[in-house]
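Residues per chain, in single letters:
6 protein chains.
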Amino acid sequence: MPKRVQVIGAHSADFVWRAGGAVAKAVSLGGQAEVIALSYGERGESGELWKQPGQRVENVKKIRHAEAEAAAAHLGASFTCLDLGDYPLQIDGDRLLEIAEAIRAFAPDVLITHTATDPFNPDHPIAHGAVDRARSLAAGAGVTSAFDTIKPPQLFLFEPHQPELCSFTPTVHVDITSVWEQKLAAMGEMKAQQYLQTYYAQRGEHRGNHARRASGRSEVKYGESFMRVLPQVVGEL
Amino acid sequence: MPKRVQVIGAHSADFVWRAGGAVAKAVSLGGQAEVIALSYGERGESGELWKQPGQRVENVKKIRHAEAEAAAAHLGASFTCLDLGDYPLQIDGDRLLEIAEAIRAFAPDVLITHTATDPFNPDHPIAHGAVDRARSLAAGAGVTSAFDTIKPPQLFLFEPHQPELCSFTPTVHVDITSVWEQKLAAMGEMKAQQYLQTYYAQRGEHRGNHARRASGRSEVKYGESFMRVLPQVVGEL
Amino acid sequence: MPKRVQVIGAHSADFVWRAGGAVAKAVSLGGQAEVIALSYGERGESGELWKQPGQRVENVKKIRHAEAEAAAAHLGASFTCLDLGDYPLQIDGDRLLEIAEAIRAFAPDVLITHTATDPFNPDHPIAHGAVDRARSLAAGAGVTSAFDTIKPPQLFLFEPHQPELCSFTPTVHVDITSVWEQKLAAMGEMKAQQYLQTYYAQRGEHRGNHARRASGRSEVKYGESFMRVLPQVVGEL
Amino acid sequence: MPKRVQVIGAHSADFVWRAGGAVAKAVSLGGQAEVIALSYGERGESGELWKQPGQRVENVKKIRHAEAEAAAAHLGASFTCLDLGDYPLQIDGDRLLEIAEAIRAFAPDVLITHTATDPFNPDHPIAHGAVDRARSLAAGAGVTSAFDTIKPPQLFLFEPHQPELCSFTPTVHVDITSVWEQKLAAMGEMKAQQYLQTYYAQRGEHRGNHARRASGRSEVKYGESFMRVLPQVVGEL
Amino acid sequence: MPKRVQVIGAHSADFVWRAGGAVAKAVSLGGQAEVIALSYGERGESGELWKQPGQRVENVKKIRHAEAEAAAAHLGASFTCLDLGDYPLQIDGDRLLEIAEAIRAFAPDVLITHTATDPFNPDHPIAHGAVDRARSLAAGAGVTSAFDTIKPPQLFLFEPHQPELCSFTPTVHVDITSVWEQKLAAMGEMKAQQYLQTYYAQRGEHRGNHARRASGRSEVKYGESFMRVLPQVVGEL
Amino acid sequence: MPKRVQVIGAHSADFVWRAGGAVAKAVSLGGQAEVIALSYGERGESGELWKQPGQRVENVKKIRHAEAEAAAAHLGASFTCLDLGDYPLQIDGDRLLEIAEAIRAFAPDVLITHTATDPFNPDHPIAHGAVDRARSLAAGAGVTSAFDTIKPPQLFLFEPHQPELCSFTPTVHVDITSVWEQKLAAMGEMKAQQYLQTYYAQRGEHRGNHARRASGRSEVKYGESFMRVLPQVVGEL
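Protein chains in written order, with my numbering: chain U, 1 to 237; chain P, 1 to 237; chain H, 1 to 237; chain F, 1 to 237; chain B, 1 to 237; chain E, 1 to 237.
Incorrect hints may appear among the rest.
The list cannot tell twin chains apart, which means a pair is met if one copy fits it or any two copies do.
[What the hints assert, rightly or not] In silico DSBU-like cross-links for lysine-lysine, where the CA-CA straight-line distance does not exceed 35 Å:
| # | residue 1 | residue 2 |
| --- | --- | --- |
| 1 | K221 | K3 |
| 2 | K3 | K151 |
| 3 | K151 | K191 |
The hints are simulated quantities; they were obtained by calculation from the structure and are not laboratory data.
Based on the sequences and whatever the hints tell you, model everything.
This is the structure:
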C-alpha cells in the first residue's frame with residue numbers, strides 16, 4: 001500500500017539530511033511525499049550567502065528555495081515554505097491553524113518532524129511543539145467533531161544532529177539502500193554544507209550497521225533512523 | 001512470512017492473559033509458537049489448589065501443567081516448563097545458560113517476556129533479566145563467535161497487570177480480532193482465575209479502542225499491547 | 001475535616017469520567033466541590049450534536065452546559081464554564097490571571113486537573129500548564145506578597161484515557177465504593193458518549209482491584225486513581 | 001489507628017538519621033516500631049573504633065549494637081541485627097528468605113528502607129533490592145498462596161545523604177515537631193558521628209520549612225521526608 | 001584564564017542565594033561578572049515592604065534595586081534589571097530578543113539561570129525557557145549566520161530551593177571557601193529574608209561536605225552546586 | 001597535574017575504541033594509565049580466530065592478549081586481564097573483591113568503564129555493576145573504615161556502540177587531536193575488526209565537531225566522549 005509522507009521542518013534544509021532516504025523510499029514504493037519548511041532558515045543557517053556583499057534577505061530566501069526544491073525533486077517530493085521567519089521562529093494561534101490546515105489538506109499516513117528538545121537550536125523545539133499540536137487538531141479527538149478530520153497520521157521524529165542531547169532514541173531504522181544515490185544527490189544540492197554531506201553519508205552507513213545488528217539482515221547497507229511517538233497497530237508482532 | 005514466536009514467562013499462566021492473542025494470531029497466519037514457563041507458579045499463584053486438604057506440590061504442578069498445556073493448545077502453541085521454582089524464582093549461571101539454549105534451539109523471530117519492573121511480583125523482574133541476557137547470549141555480539149548464534153529475535157514485553165507501575169508504555173497494539181474466541185477459550189482453562197478472565201476480556205476491548213484511536217482503522221475490535229525493546233528495521237515508514 | 005475540591009478541565013465533560021467519584025466522595029463527607037471547564041469542547045468533542053442540520057455553536061454550548069450541570073448536580077458540585085474556546089484552547093496572560101482568580105476565589109484544599117502530556121488531545125496539556133501556573137499565582141511564593149494568597153492547594157492529576165502514553169502513574173487510589181451510583185448517574189448524563197460510560201465503569205472496577213491489591217482492604221469495590229504532584233504533609237507515615 | 005512500623009537498613013545506624021522521627025512519632029501515637037539492621041556497618045562505617053589499637057571485629061559489633069539499641073530505645077523501638085556483613089553486604093537466596101520471614105513475622109503497616117541508587121555506598125542499593133523483593137514474598141501475589149501472607153505493607157524510602165544523586169524525590173513530609181527532642185537524643189547516641197548530628201538537625205528544620213511551604217500549616221517546625229513507592233489508598237483526596 | 005560570568009534570574013534576589021559564591025570566586029580569580037534580573041520580584045517576593053502603609057510599587061522596586069546592587073557589589077558584580085514584571089513574569093518575542101541581546105552584549109563564558117521546573121514558583125520556569133532560547137539565538141547555529149554571534153557560553157542551572165522537586169541534580173560543586181565571607185555579606189543585604197540567610201549558610205556547609213566526599217579534598221569548607229546543561233570540552237579527563 | 005587513569009572493560013578490546021584517545025592524552029600530559037580487562041572476549045568477540053581449524057581457547061586468549069598489549073603500548077598504558085570468562089561474564093563476591101583490590105592498588109584519579117545498559121551485549125552491564133560497586137568498596141564511605149581506602153576516583157562511562165540505546169548522554173568531550181595518530185595505531189592492532197576501525201575513526205571526527213560546536217574552539221579536530229557519573233569539584237565554573 002503506497003503511503004503519503006509529509007515532512008515538516010523548521011528550516012528549508014532540515015528534511016534532506018534527516019529524512020531524505022525515507023522520503024525517496026516511500027516514493028519509490030509508489031507513495032507521495034510533501035516537504036513543508038516553516039522558514040527558509042535565512043538568518044540562522046545561511047551564513048555563506050550573507051558573506052556576499054550587498055546580500056539581501058529576499059535573495060537569500062530565493063536561493064534557499066531553489067536548493068530545497070531541487071533536493072526535494074531528487075527524492076520525488078514537492079516542496080513548500082510557509083516563510084514564518086527563523087532565529088527565532090515564532091508561531092502564534094493563527095500560524096498554528098495554518099500548519100494544521102496543511103496537515104489536513106495533505107492527509108499524510110506518515111508525518112515527520114523535529115525532536116522536542118535541541119539545546120543547539122532555538123527553532124527546532126518550537127517546530128516540534130507546533131507540528132505535534134497541529135497534528136491533533138487535524139486528526140481530532142477520535143470522535144466526530146465540528147470540523148473535518150483526517151485519519152490520524154503516524155508521527156515520527158527524525159534524527160537530530162546530536163541525538164543523545166536531544167533525547168532521541170531510534171525506534172525504527174529504515175532500509176534506504178535502494179535509494180541511497182538519490183539521498184546523496186539531494187544532499188549534494190546543499191552546496192554550502194559540505195560537512196553535513198560527509199557527516200550524513202557516514203551516518204547512513206552507521207545506521208545501516210545498526211539495522212543489520214538489530215535484524216540480522218545482511219543486505220541492509222544504508223539506514224535512516226527515526227523515533228516513533230505513538231503506538232503502531234499491526235496484524236501480528 | 002510466517003513467524004516463530006516464543007513466550008517466556010515466570011509462571012505457567014502468564015502467557016495466556018498477556019500474549020495469548022498475539023500467539024494465536026501468529027499461528028493463524030502460518031507461524032509457529034512455543035511457550036516456556038520458568039516455573040509453575042506453584043507457590044505464589046496456586047492458592048485455590050492448596051485449599052484442598054492433603055494437597056502436595058507435585059500434584060499442584062501437575063494440574064498447572066495440564067491447564068497451561070490446554071490453554072496453549074487453544075492458541076496453537078506448544079508448552080514447556082523449566083520448573084525452576086517460584087516465590088522466589090532464582091536463576092544462577094547454569095540456569096541462565098539453559099534459558100539461552102532454549103532460545104537458541106527455537107530460534108524465534110519474536111521473543112516475548114515480562115517488564116523489568118513489577119512492584120507486585122518478586123519473580124517477574126527476575127524473569128525479565130534472565131530472558132534479556134539469555135537473548136544476547138543466543139544472538140551473540142553481531143560478529144562471528146565461538147558458539148552458534150541465531151538471528152537476533154525481536155524482543156517485546158507483554159502487558160503487566162498494573163502497567164503504569166511497571167514502566168510499561170505500549171508501543172505496539174496487535175489486532176487480535178480474528179482470534180478473539182481462541183483467547184477467550186484459552187483464558188477459560190484457567191478455571192480458578194475468574195477475575196483475570198473478566199479483566200483481560202475488558203482489556204482486549206480497551207486496547208482495541210486504543211488501536212482504533214491510534215490508527216483510524218475502525219475494523220479493529222480487540223487488541224493486545226506490547227512494548228518493543230529494540231529498534232525495528234523496516235522497508236519504509 | 002470536610003474539604004473544598006476544585007476540578008479544572010479543558011472541556012466541559014472531562015471531570016465526570018476522571019474525577020466524578022472523588023468529587024462525590026468529598027461532598028458526601030461534608031465537603032464542597034466546584035467544577036470549572038475552560039471550554040465547552042464545542043468543536044472537538046461534540047460531533048454528535050453537529051450532525052443535526054442547521055446546528056449552531058451557541059446551541060451546542062447550551063446543550064453541553066446543561067449536560068455538565070446535570071452531571072455535576074449528581075455529584076453535589078457546582079459547574080461553571082470560562083468558555084475560552086477549544087481545538088485549539090488558547091490561554092494568554094489575561095486568561096491566566098482569570099484562572100488564578102478562580103482558584104483564589106474558591107480557595108480549594110484539593111485542586112485537580114489534566115496531565116502535562118496527552119498525545120491524543122491538543123487542549124489537555126495547555127489546560128495543565130495554565131492550571132499549574134495559576135495555582136502558584138494564587139498561592140504565592142510562600143512569603144507575604146503584594147496580593148492576597150490562599151493556603152496552597154494540594155494538586156492532583158486525574159486519569160487520562162490512555163494513561164501510559166500520558167506519563168500518568170497513579171499514586172493515590174480513592175475508594176469511591178459508597179458513591180458509585182452517583183458517578184454512574186453523572187456519567188449517564190453524557191448521553192452521546194456510551195463508550196466512555198462503559199469504559200469508565202470498568203475502569204472503576206479495575207482501580208478498585210488495584211486499590212485492594214495495594215492495601216489489602218477487601219471492602220474497596222470501586223476506585224478512581226490520581227497522580228499527586230507535590231509532597232503531602234502528614235502526622236505520621 | 002496505631003501503626004506497626006518496620007525499618008530495615010543496611011547498617012546499624014542508618015535508621016536514626018533518616019527515619020528516627022517517623023519511628024518516634026508512630027510510637028507516640030500508640031504504634032509499635034521495630035528496627036532491623038542487615039549488618040553492623042562494622043567495616044565501612046566504624047573507622048573511629050578501629051583507631052583503637054588491638055581493636056577486634058566482635059568488639060566493634062558489640063559497641064555498635066549498644067549504640068543502636070540505645071538510639072532505638074529513645075524512639076520507642078526494638079532493635080535487631082541480622083549481622084550479614086558489610087562492605088560488601090551480600091544477600092543470597094537463603095538470606096533473602098530470612099528477610100522475608102522477618103517482615104512476615106512483624107507484619108508492618110509501614111516498611112521503610114533505602115533508595116535503589118546510592119553512588120556513595122555499595123551496600124544501600126543491595127539492601128533496597130532485598131527488602132523490596134522480600135516484601136513481595138511476604139505479601140504474596142494478591143491471591144491465596146502456598147504460604148502465609150500478610151497485608152501488604154506500605155513501602156517508603158528514607159532520605160539518603162545526597163538525595164539528588166540517589167533519585168530521591170520526597171513525596172511525603174512527616175511532621176515530627178512533637179518528637180524532635182527524642183530524635184536529637186537518639187542521634188546523640190552515635191557519639192562518633194558529630195557531623196551527621198549537626199547535618200540531620202539542620203535537615204529537620206529544612207524539611208519543616210518544606211512541609212510548611214507545601215501545606216501552608218505554620219505549626220510544623222521539624223520534618224522528615226520519605227518517598228512512597230506504591231499508590232496509597234484513601235477515603236477521599 | 002579569567003572568565004566572564006553572567007547570571008540571569010527571574011527576580012532581583014535570586015542570584016545571591018544560589019550563585020553568589022560562584023560569582024565572587026570568578027571575580028576573585030580576575031574574571032568579570034554581570035547580574036541581570038528579569039524583574040524586581042516586586043509583587044511575589046516583597047511582602048515585607050508592602051506591609052508599610054501607603055507603599056507604592058515604584059518605591060518597592062527602588063528598594064529592591066538598592067539591595068540587589070549592594071549584594072552584587074559585595075561579590076564584585078554589576079547589577080541590571082530588565083523590569084519585565086513578576087507574578088506572572090511574561091516574555092513575548094520582543095522581550096526574548098532583548099534577553100538575547102543582553103547575552104550577546106556581555107558575551108559570557110559562563111551563563112547561569114533557573115531550572116526548567118519549579119512547582120513552587122510560576123516565574124522560574126519562564127525565566128529558564130527564555131534564557132535557554134536566548135542563549136541559542138546569541139550563539140547561533142554553529143555556522144556563519146545573518147547576525148553577529150558569540151562563542152557559545154557554558155550553561156549552568158543554579159540550585160533551587162527544593163532541588164528534588166525541580167529535577168535538579170548537582171553535577172558541579174564549586175569550592176567557594178575563599179569567598180565565603182563575601183557571600184555572607186551579600187546575603188546580609190537581603191534584610192527581610194533572615195530564613196534564607198540561615199538556610200543558604202547551612203547549604204554552603206552541606207555542599208562543602210558533598211564536595212569533600214566526591215573529591216577527597218579535605219580543604220573544601222563551603223560549596224555551591226550547579227547543574228551543567230551541555231557537554232564540557234576538556235583537554236583530558 | 002599528571003593523572004592516573006584506569007580503564008576496566010568487559011573484554012580485552014573494549015578500551016581501544018572507546019577510551020584510547022583519553023588514555024593516550026593523559027599519558028602525553030605526564031600521567032599513568034592502566035587497562036584491565038575482565039575477560040579476553042574469547043567466546044563472544046573472537047569469531048575470526050575460531051574460523052581456524054583446530055583452534056583452542058588458550059590460543060585465542062594468547063592472541064587476544066598480544067593484540068591488547070600492543071594496542072595499550074601505542075597509548076602508553078599497561079594491560080592486565082583478570083580472565084573471568086565471557087558470554088556470559090559472571091562475577092561473584094570474591095571476584096568483586098578482586099576488582100576492588102585492583103582499583104585500590106592503582107588508586108586512579110580517573111576510572112572508566114561501560115554503561116549500565118547495553119541491549120546488544122550481555123557482559124557490558126555486568127561489568128558496569130561490578131566496577132561501580134568495587135569503586136565504592138575501594139573508596140570507602142567517606143569516613144575512616146576498617147580497611148584502607150583511596151581518594152575517590154572520578155567515574156566516567158565510555159561511549160558504547162549504539163549510544164542512544166544505552167542511555168548514554170555525553171557530558172564531557174575530550175580533545176584528542178594531539179594523540180590521534182596513536183589512537184589510529186592502537187586501533188590498527190585489532191586486525192580482525194576493520195569495521196570498527198573505520199567507525200571509530202569517523203566517530204572521532206564527529207565528536208570533534210560536537211566539541212567545536214559546544215565550545216566554539218575551532219582547533220579541536222578529534223574528540224572522544226564520556227558520561228560523568230558523579231559531580232565534579234572545581235575551583236570556579
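Checked hints:
Taking identical chains as interchangeable, the C-alpha atoms of K221 and K3 lie at most 35 Å apart whether they share a chain (23 Å) or sit on different chains (24 Å). Within a single copy, K3 and K151 get their C-alpha atoms as close as 13 Å, and across copies as close as 29 Å, so both meet the 35 Å cut-off. In this homomeric assembly, K151 and K191 come within 35 Å of each other (Cα to Cα) only across copies, at 25 Å, whereas the closest approach inside a single copy is 38 Å.
Hint compliance for this structure: no hint is broken.
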